[in-house]
Amino acid sequence: MEDVISAYDFSRDQYLEIFSLADEILKGRKIKMKEKIIAEAFFEPSTRTALSFSAAAQRLGMNVIGFSSQEGTSVVKGENLADTIRMMENYSDCIVIRHKFDGAAKFAAEVSSKPVINAGDGKHEHPTQTLVDLYTIFKTFNTIDGLNFGLIGDLRYARTVNSLLRGLTRFKPKSVYLISPPPLKARKEILRELNYEYVELNSPYDVLHDLDVVYVTRIQKERFPDEVEYEKVKESYTIDEKIVNSMRKGSIILHPLPRVNEIDRKIDVSPHAKYFYQASLAVPIRQALFVKILGE
Amino acid sequence: MEDVISAYDFSRDQYLEIFSLADEILKGRKIKMKEKIIAEAFFEPSTRTALSFSAAAQRLGMNVIGFSSQEGTSVVKGENLADTIRMMENYSDCIVIRHKFDGAAKFAAEVSSKPVINAGDGKHEHPTQTLVDLYTIFKTFNTIDGLNFGLIGDLRYARTVNSLLRGLTRFKPKSVYLISPPPLKARKEILRELNYEYVELNSPYDVLHDLDVVYVTRIQKERFPDEVEYEKVKESYTIDEKIVNSMRKGSIILHPLPRVNEIDRKIDVSPHAKYFYQASLAVPIRQALFVKILGE
Amino acid sequence: MEDVISAYDFSRDQYLEIFSLADEILKGRKIKMKEKIIAEAFFEPSTRTALSFSAAAQRLGMNVIGFSSQEGTSVVKGENLADTIRMMENYSDCIVIRHKFDGAAKFAAEVSSKPVINAGDGKHEHPTQTLVDLYTIFKTFNTIDGLNFGLIGDLRYARTVNSLLRGLTRFKPKSVYLISPPPLKARKEILRELNYEYVELNSPYDVLHDLDVVYVTRIQKERFPDEVEYEKVKESYTIDEKIVNSMRKGSIILHPLPRVNEIDRKIDVSPHAKYFYQASLAVPIRQALFVKILGE
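Taken in sequence, the protein lines are chains A, B and C.
For the first sequence, position 54 matches number 358 in the numbering used here, and the numbering has no gaps at all.
For the second sequence, position 184 matches number 488 in the numbering used here, and the numbering has no gaps at all.
For the third sequence, position 156 matches number 460 in the numbering used here, and the numbering has no gaps at all.
Check each hint, because a few of them may be wrong.
Since the list gives no way to pick out one identical chain from another, each pair is judged satisfied if it fits inside one copy or across any two copies.
Unchecked claim - Derived pair list, reagent style DSS-like, types lysine-lysine, alpha-carbon separation capped at 25 Å:
1. Lys418 with Lys443
2. Lys596 with Lys340
3. Lys338 with Lys596
4. Lys525 with Lys536
5. Lys340 with Lys410
6. Lys492 with Lys478
7. Lys546 with Lys570
8. Lys418 with Lys404
9. Lys492 with Lys410
Please keep in mind that the hints were generated in silico from the structure rather than gathered at the bench.
Please take these sequences and the hints and turn them into a complete structure.
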């Protein structure tokens, strides 16, 4: 395993290997990778992703350098991305990049001789979030095959959805329901790639009782062309008690977080609510990924 | 010892235990707490406090993650404090929080299953600064009981003063003089809690010769409702040679720092000036606190 | 070796000692300086320099604290530089400072009891970049004496040039050509100090075939009094194929980076292009410097 740019970069077996290594780490297995340095090149702000990569690296005894926004980097002096990446590869053993442009991670991987991990590039992909998502599902149901999925909310601008849809091609979902307001429907070019059945819906109510996994995405203001469109749909897909009450026993609600209003806080205490558990797996799964990429 | 939200969270014995552990650390005792990660959630900027916590953690072999301002956190995406704290607890073993709202640290401690340390919440408290302050006094006089204290300057908006006044309730100060311009008098609700004698004054001159400890606070612009009020009092309480010459032998001047104009730089060389010595104790005392909270 | 403020702070022997220690580190010699903390006080933004110092410290097992811009430091609260430095020395074993004012590093060294390293102060000096530059030359030619140097571009506002010109006084360059547009000529006060021959030119073409080292500097917008003057000269000194084709065999092109338009990207693949190799030496040479200053 070298660069991780897309959820396609893992085979089914590689997903399962990473999950089982994460299990060992959760059970307390100590892996030390001292001397090594992870470079976090975050051209776009993030806390959650950057901090979970930092914590994963440090739990393995590695060090972290990097920046958390474009300001104060040489980019403001007019340096191009290629030169910035060449600098980072000189200083580190692995580059974790977040960038506002689709394809920036792939470009960085072409420039860099060190492994590059995509921590989110524009509206394109966020494959390590998909690792977290699928690992949470796997730990809950002990499988990913044969389950019914409902992806709800912004399926158009959310890179987490693009990566999850692609990651699911490595498994055998029974059915996948894509539930969104029309302006936020999943992109045709992604749907064309899928090797499993999916159904597009405008409302979750008809299928809720069938779903094993309800995957909710934040309706991200910063992804919207204009504020008005954002306000229109913001509230429309809130997961509330009415929705949760019609969910089947044992089914789970996931969310990549951060959330704004998509999930009513009353739901946090529901047995269906697994998004904080999901968040708790962000560090061990990234530890496992680092080990697979950099070796013990 | 679990969360540290207020200077009240330490008993007299706990203060003394932390002081003696800090003494051992200063004498060169090595304590290693590898594997552990400290999360610094600084929603309000700080250098002094954040860097001293980072240095303390690193001296103990621990790692540090976090952010140093609200910008670039998920808060700007609309995430609430509870969710941000739930994220941090997943990534770390202890959360150090600074926030502009009074009570934010207490709220974080209620949400988090990991220990939370208050590094300053609004105008409320700054208990680890009080650890530094009392430790400096203890190392100078070998006691805190029976001393005369003069707190000078902004006693209303300075959280360091609130915490120091509360910390002193664990000891037996002989007398405490609260010296401030009228608009900056200490808050009634704090004074009501005190179990020792105090006197409020508008000028230090009548009592200077009696004071063992002169505790000066920065008149913090950012704490003021309006600029005009700030300018009026800014210069009024400057510690200069005239004041220092009337101080008793062996008495000391402390300041939480940073200072602006409250202490004339000529005073830095005076034997009374202990504020840089005080600053030098910020790291060992926080090392001792981490050990008490997280265990060796 | 204590503070490093100027390229003059190294004797010829000290340059050579640092080079040979860097060689050993590149050959895989492990040096561990655990427990120690490096403080990076970057009052002016930087990625390249700050990250290479961080990587160097971490490769040696040291920890790093600090800040990467003036915002969010106590300076915005009105604290002066001396007090900020006194704080940093309490928290660390060595201070690396970058500041927009000439002489800020020297001032910091006078205040601090801990070693101070100048990571760039205004238009004054950048001595650790000179370590990188001279080390690259030394590794390429196995000497620095007897070579012909051409410094091209902004010789007036670039602190890297000031330090390189001074560093070369410790060696015996055969000839040094200073090639710049008139408004960017090297400063008289520096030229007066030099103990070797130099020639000032407006164009490189007459001497290119004689040069062993072509040292190109970025024409730094932020160093210019006004934008118009910047635009005028920006493109004027671009290293392109025409220039490279007239360079002698074995000669090299160096650049402190970041570059904007001074070197045509087509040149990156030329055997003369050594600026990325130069960048790759930034970490080992700074590791060697830390070892010399702080001891093993």
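Going down the list of hints, with the structure as the test:
In this assembly of identical chains, Lys418 and Lys443 lie within 25 Å of each other by CA distance solely across copies; the values are 24 Å between and 31 Å within a copy. In the homo-oligomer, the alpha carbons of Lys596 and Lys340 lie at most 25 Å apart both inside one protomer (14 Å) and across protomers (23 Å), since each shortest distance falls under that limit. For a Cα distance limit of 25 Å, the shortest separation of Lys338 from Lys596 qualifies both inside one copy, at 15 Å, and across copies, at 23 Å. In this assembly of identical chains, the alpha carbons of Lys525 and Lys536 lie at most 25 Å apart only when taken from the same copy (11 Å versus 41 Å across copies).
In this homomeric assembly, Lys340 and Lys410 come within 25 Å of each other (Cα to Cα) only inside a single copy, at 23 Å, whereas the closest approach across copies is 34 Å. For the identical chains of this complex, Lys492 and Lys478 are intra-copy neighbours only, at 21 Å inside a copy versus 66 Å across copies, given an alpha-carbon limit of 25 Å. Taking the shortest Cα distances, Lys546 and Lys570 sit within 25 Å of each other inside one copy (11 Å), while across copies they are farther apart (62 Å). Proximity of Lys418 and Lys404 under a CA criterion of 25 Å is satisfied intra-copy only: 21 Å inside one chain copy versus 33 Å between copies.
In this assembly of identical chains, the alpha carbons of Lys492 and Lys410 lie at most 25 Å apart only when taken from the same copy (21 Å versus 48 Å across copies).
Going down the numbered hints, you'll see the structure goes against none, and every one checks out.
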